[in-house]
Amino acid sequence: MTHWSLNEIEATSKRAARGAGRSWGMAEEAGKAVRSLHETGLPGVKLLAALLHETDNLAETTLAPTRLTGVWQAGNNSLCPIATGATLCDIAAEIAAGREVTTGPVTWPLLVLPFARALAGMGATAIRLRWADVSVDALRDGVLLNSDFDALFAARAESLTCRRIETCARASAVQPLHNVAADDWERLNAFAFRTFAPESEASRRKGAGSSLPDND
Amino acid sequence: MKLAAMGASHATRLSFMRILLRRLKSENWRFERKIFDFDKKGVGTAVYVAHGPQHAYSLVCFGHDLPPEMRSDRVIATAWDATFCLHDGIADQQTIERLRQNIPLQEAGRVLSSELSVSRANRSVRLFDHVVERLAMGQQPDIARLTETGYLMRTTAVYGSGKLGAADRETIHERAEFSAPFQVEMLSVYLTRAFILDLVEAMARKRSPDTAVRLQPHLRRSLGVGNSTGLGMAPFLINHPALLNNWIAAREEALARVRNLDTATPQQIGLFVELLQRSRLNAANWRSSDGRQTRHIAELNEDLARLDDATARHLLSGALPWNALYQWAATKLSAEGRELVAALLLEPHGELVDDLAANMSADETAGFRIDGAITIGRMREILENVHGELLDQDWSAPEANARLWYYSEEKLEPRLGEREEEPLDAYEQPLAPARDAAHLARDLEGEDGAMPLAGFLLKHPQHRHTVRRTQIATSLPYAEIRDNTIAADMLPVDLLRCKLAFFGAQQFDPRSDRWIRINMFKGAPFPDELHQADADFWPYAVPETGK
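Residue numbers (the numbering used here), protein chains in the order written: chain A, 1 to 216; chain B, 217 to 763.
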């Protein structure tokens with residue numbers, strides 16, 4: 001286990017998503033989502049590493065809902081939880097107005113939770129996510145789990161629902177999770193590393209722009 | 217906001233070093249040199265503690281014996297003359313030993329949430345050795361040489377905000393002393409300056425205990441901390457649009473308040489003229505090895521001759537006096553001169569403008585969520601409002617799309633590449649907002665303007681980043697640089713200078729189009745002088761007193 005700051009966790013997650021083929025904007029969503037999970041004590045790095053491994057270099061339009069109306073489906077694949085969550089936030093006004101969104105199959109559904117937290121800060125009191133036997137309530141400042149902890153970490157859910165709820169108990173304070181298992185970090189970092197360009201001697205000299213002595 | 221104007225930025229009283237020192241003085245901070253143990257080569261350990269009203273902070277310093285061939289300001293260096301860490305609280309022996317295992321390694325080490333910054337510095341060798349030698353002999357150093365360089369050590373990186381495992385800014389930003397931007401980093405550098413001066417005097421004493429003297433106080437004061445900054449810092453302002461907006465907005469609001477004043481009091485005019493005189497000394501002592509900057513400094517010196525004391529007094533004698541001076545500068549002076557006059561205008565008006573320091577921080581996450589409910593037609597309008605004519609530029613022209621920003625595998629640091637010369641497109645960072653906005657506008661063209669943006673984003677996720685930052689810029693007028701950040705002729709040093717001016721840096725000395733040396737805290741009172749010294753106008757040189 002190594003201690004990482006939340007800024008490092010977010011930055012590496014963003015780069016990793018980009019390295020796995022996501023657009024910059026979606027990679028930013030991944031970074032914020034993983035950070036949000038770690039803020040609430042949940043192992044986001046592990047989940048994102050697994051998601052990126054499964055969806056490596058797939059076109060992201062094949063992992064996102066094909067349309068905003070009806071039950072959200074992703075063509076031939078299961079939905080990406082990051083694309084699903086980001087789209088839920090894009091239609092925050094509809095969800096705050098009471099729309100319940102139902103999806104088809106979605107991988108690593110816990111990665112949708114950070115977006116539910118964001119929605120709770122955008123006009124709704126709280127947001128309830130349900131999949132399989134899991135029910136989680138997201139508030140702006142925390143989450144309330146109404147079911148078995150281990151069930152949160154399902155690799156896939158056949159369906160997920162997201163809706164506003166009127167009242168909710170208060171979330172208890174949790175410590176942020178700064179420690180990440182070395183192999184999870186390495187898996188994520190391997191994706192992130194793909195965003196860095198290999199160096200030629202010419203670019204090394206020119207790119208950093210050193211032309212005068214710097215040791216005087 | 218254009219890059220060229222950003223490249224002429226000057227520090228103001230809203231710069232972060234100025235904000236820090238005003239606070240340290242007004243809150244009566246107490247400073248303590250808890251540990252100081254060095255040999256004659258400068259190898260050893262020091263701990264400086266700053267005691268504030270609620271919290272104490274320790275700068276833990278390690279001095280090293282660095283072989284000359286390893287001394288480099290570039291980020292690829294692996295060893296330094298001195299390394300530092302700002303620890304949250306009073307560092308105990310166990311903490312110091314833990315830091316000793318990590319801080320000298322810099323990027324190769326790790327710290328914890330109890331640490332706030334990690335930094336390093338190299339000696340300006342010729343001046344450093346000269347000062348130690350002279351002091352050891354019981355003499356003061358050569359003033360011309362002190363003036364020429366202006367510092368004894370240069371920091372080459374000051375890492376804060378969660379780097380290397382350190383505390384996330386979000387966990388400390390509610391402390392009053394860290395509410396303004398970069399106060400952790402500025403506090404670290406301020407204490408580092410005290411360490412550097414203590415170190416040269418201690419090395420002189422070790423070398424020759426019987427003859428060594430201390431540096432005279434006014435010479436001590438004249439030395440700042442150098443800094444060498446390269447491309448690592450350049451993308452920052454593009455990556456923090458809300459923060460950039462708040463910095464510029466605070467400065468613009470301060471200027472607007474002063475320019476709206478009906479009158480100038482004799483005291484205000486007196487202070488303005490005094491600082492104008494002291495600015496002439498600053499400009500006369502400003503040296504650069506860069507041809508373009510040297511020309512700009514020459515123009516500034518001419519500007520300051522044109523704005524003589526009588527002209528200033530005359531301009532300040534009528535209605536809306538500060539506005540008259542501002543308008544005069546706008547038509548009569550160079551970019552350097554205009555920016556300096558803008559900074560000077562704020563000086564006599566601390567009571568009117570200093571409260572704006574509280575608005576200069578930003579929560580970048582506040583604008584993160586995209587409003588996908590707006591129509592595609594509305595999104596087109598927003599793009600037009602934010603980027604205007606840049607949308608119509610020919611972005612396929614080689615000179616418009618000449619460069620790209622990327623991170624190198626070697627040091628994980630930003631670089632600027634030539635698109636035509638190297639196959640780097642796949643690694644391009646999203647640091648060309650105007651070009652990306654033009655591409656978004658093009659793809660929005662064929663769409664039904666009445667449809668919601670959220671549906672467009674499902675089909676075009678590649679525009680998600682640009683949609684986000686353009687929506688941020690809708691409510692924050694200075695969030696976006698209105699210029700081409702990948703043009704063939706763009707100068708990265710313009711971005712660096714803007715950021716460093718907001719820090720409070722002086723004596724900008726570009727060393728190429730993409731790295732720059734500066735001086736920090738030059739003229740500032742030292743921690744032990746703060747209670748009795750002026751903590752406000754220290755950046756303005758004091759005429760030779762002969763003392």
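Fair warning: there could be bad hints in the mix.
[Said to hold, decoys possible] Estimated spans, in silico, between C-beta atoms of each pair:
(1) B/GLU637 to A/ASP133: 52 to 62 Å
(2) A/ALA173 to B/SER691: 28 to 38 Å
(3) B/PHE584 to A/ALA169: 48 to 58 Å
(4) B/PHE584 to A/ASN77: 38 to 48 Å
(5) A/ALA173 to B/PRO425: 32 to 42 Å
[As the list claims (entries may be wrong)] Selected chain A positions facing chain B (in silico; Cβ < 10 Å):
(6) GLY25
(7) LEU58
(8) ALA118
[As the list claims (entries may be wrong)] Pairs of lysine-lysine, DSSO-like flavour, derived with a Cα cap of 27 Å:
(9) B/LYS257 to B/LYS379
(10) B/LYS548 to B/LYS218
(11) B/LYS379 to A/LYS46
(12) B/LYS422 to B/LYS675
(13) A/LYS46 to B/LYS548
Because the hints were derived from the structure by calculation, they are not lab data. Beta carbons: idealized from backbone N, C-alpha and C, even for Gly.
To see whether the hints hold, each was checked on the structure:
no. : hint                             : verdict
1   : B/GLU637 to A/ASP133: 52 to 62 Å : holds (57 Å)
2   : A/ALA173 to B/SER691: 28 to 38 Å : holds (32 Å)
3   : B/PHE584 to A/ALA169: 48 to 58 Å : violated (27 Å)
4   : B/PHE584 to A/ASN77: 38 to 48 Å  : violated (26 Å)
5   : A/ALA173 to B/PRO425: 32 to 42 Å : violated (57 Å)
6   : GLY25                            : holds (2 Å)
7   : LEU58                            : violated (12 Å)
8   : ALA118                           : holds (6 Å)
9   : B/LYS257 to B/LYS379             : violated (30 Å)
10  : B/LYS548 to B/LYS218             : holds (20 Å)
11  : B/LYS379 to A/LYS46              : holds (21 Å)
12  : B/LYS422 to B/LYS675             : violated (71 Å)
13  : A/LYS46 to B/LYS548              : violated (61 Å)
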